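Chemist: Residues per chain are reported as follows:
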Amino acid sequence: MGESGVIIQLKNIVFSYAGGKPVLDDLYFTLEEGAKLGIIGHNGSGKTTMLHIIMGLLKPSSGTIRAFGKPVETKKDFLDVRRKIGFLFQDADDQLFCPTVLEDIAFGPLNLGKSPREARKMAMESLERLNLKGFEKRVTHRLSGGEKKLVALATVLVMQPEALLLDEPTTGLDEDTNIRIITLLNSLDIGYIIVSHEYDFLARTTRDIYSVQNGQIVYDGDSSTLHSHYHRHLMGKFGHHHETLHSQT
Amino acid sequence: MLQEPFSIGDSQIHRLDPRFKVVFATVYAFVVALSNSFPSLFAALIFSFALVGFCRLDFLEVAKRIALVNGFIIFLWLVVPMTFAGQPLFYLGPFGVSREGVLVSARITLKSNAILLAFIALIASSTVATLGSALSRLRIPEKIVYLLLLNYRYIFVMEEEYRRLLRSASIRGFRPASNLHTYKTYAYLIGMLFVRASDRAERVYKAMLCRGFAVRFYSLHEFSFSLLDLIWLIVMTIAIIGLEILEWVKVV
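So the protein sequences, as listed, match chains A and B.
Quick note on my numbering: the first sequence kicks off at 1 and runs consecutively.
Quick note on my numbering: the second sequence kicks off at 1001 and runs consecutively.
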């Protein structure tokens, strides 16, 4: 199949935590450019693990990862992936480690080799984009939970990623922040994967919904037609997702 | 929650280059700590007060911090004059209060207050974040600087986790007492806190990797040494020279 337009491709991925049975077992998954996907699944099903494998934070015991048309194997390959794919962690406190908001948002651009002046400018623009103007001097640990989440999103978006991975982005947030995040996500023109156990949130932000079952990714359906009881679409009209269904029995 | 009330302000001292403030505060602390003559120590105290005055800080807040330190100094006054060998000044029952002991206590009181006030004026008038980048510009090893910054960032998170653990213990009927069960429970709480801290550290590190962290930290702060800094540099140098003169020249 053609490589153009494919951002991430996982094949035969097997992963288990020390001493346990495999969390991911012969997993296939493809994220295409601009695709907005949701992954739903119960706790411990391996959703987060899969995201960590894509970012190179966890190493699968077997399987191949391709990103942007190239195999990703070495540490250096993953450095490149991390530049192009933004990852929003479940707990914003993990993501925001600088004393002030501005420094935190500028951390990524500085790592990408931008000058302090440029990094500052990019950080300010990204704050403005998230309607967080005036937050730059705020101290990160004193922000509210919702504010922390929005700032964490800014720290990811400022790096101008080509795709986003979001791990449970709405856990513990109020409705107002939820709506702000939904609006923002819908306005993005890059693709993303959202891992969540909130079906309603996924329905409002993604097109196709998958679930992790028995260590594999299963296509559940189009979010507009899918109801809160999940039933599997295995056939036909979702042909371009063929890869992800490949290993199903 | 720890606040930084003194870092908010727009006085001349607030606007000084933090690198300069750090260097001066350090030199000043050494000079004062090593001085012994009373004229010099009194002059230092007055100068420190003047610095705080220039910062235009909330007097009540400053007084609270000074009171905290002087609380410890009271204990010093209770013990040192009676235990320090020297000529007895007067007797309190069976205890002789020595002249030398009183002088030592007085020196310590003056020194600690002078240094504390100067640090409030010079160091507390910058945020921890700013101090961190100032220290790294002063070629303090990065590991130490980031130890300071990350401590400052995560101490609250850890405190919150500790409270959460403690709450969960107390809603299940835990009442601290002086028994083995209590000690064991606290040991578990602290152990759990360490485990969580290490998990947290790992997640933070991963999040940093995801944002392109490659072992080197870059600073956003660009400091510049201005005319104002030059003026204060002269003022503070004169102050230090003055203290030294008072220290070494016998006042007749």
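Simulated from the structure, these hints should not be mistaken for lab results.
Because the structure is a prediction, the values reported are computed rather than measured.
Possibly wrong hints are sitting among the right ones.
Derived DMTMM-like pairs: lysine to aspartate or glutamate, alpha-carbon spacing no greater than 20 angstroms straight-line [stated by the list, open to error]:
id : chain 1 : residue 1 : chain 2 : residue 2
1  : B       : Lys1064   : B       : Glu1004
2  : B       : Lys1206   : A       : Asp94
3  : A       : Lys59     : B       : Glu1202
4  : A       : Lys114    : A       : Asp94
5  : A       : Lys121    : B       : Glu1061
6  : A       : Lys137    : B       : Glu1244
7  : A       : Lys59     : B       : Glu1004
8  : A       : Lys114    : B       : Asp1017
Chemist: Look at each hint and say if it fits the structure.
Modeler: A quick look at each hint next to the structure:
no.: 1; hint: B:Lys1064 - B:Glu1004; verdict: holds (14 angstroms)
no.: 2; hint: B:Lys1206 - A:Asp94; verdict: holds (9 angstroms)
no.: 3; hint: A:Lys59 - B:Glu1202; verdict: holds (15 angstroms)
no.: 4; hint: A:Lys114 - A:Asp94; verdict: violated (23 angstroms)
no.: 5; hint: A:Lys121 - B:Glu1061; verdict: violated (36 angstroms)
no.: 6; hint: A:Lys137 - B:Glu1244; verdict: violated (40 angstroms)
no.: 7; hint: A:Lys59 - B:Glu1004; verdict: violated (42 angstroms)
no.: 8; hint: A:Lys114 - B:Asp1017; verdict: violated (24 angstroms)
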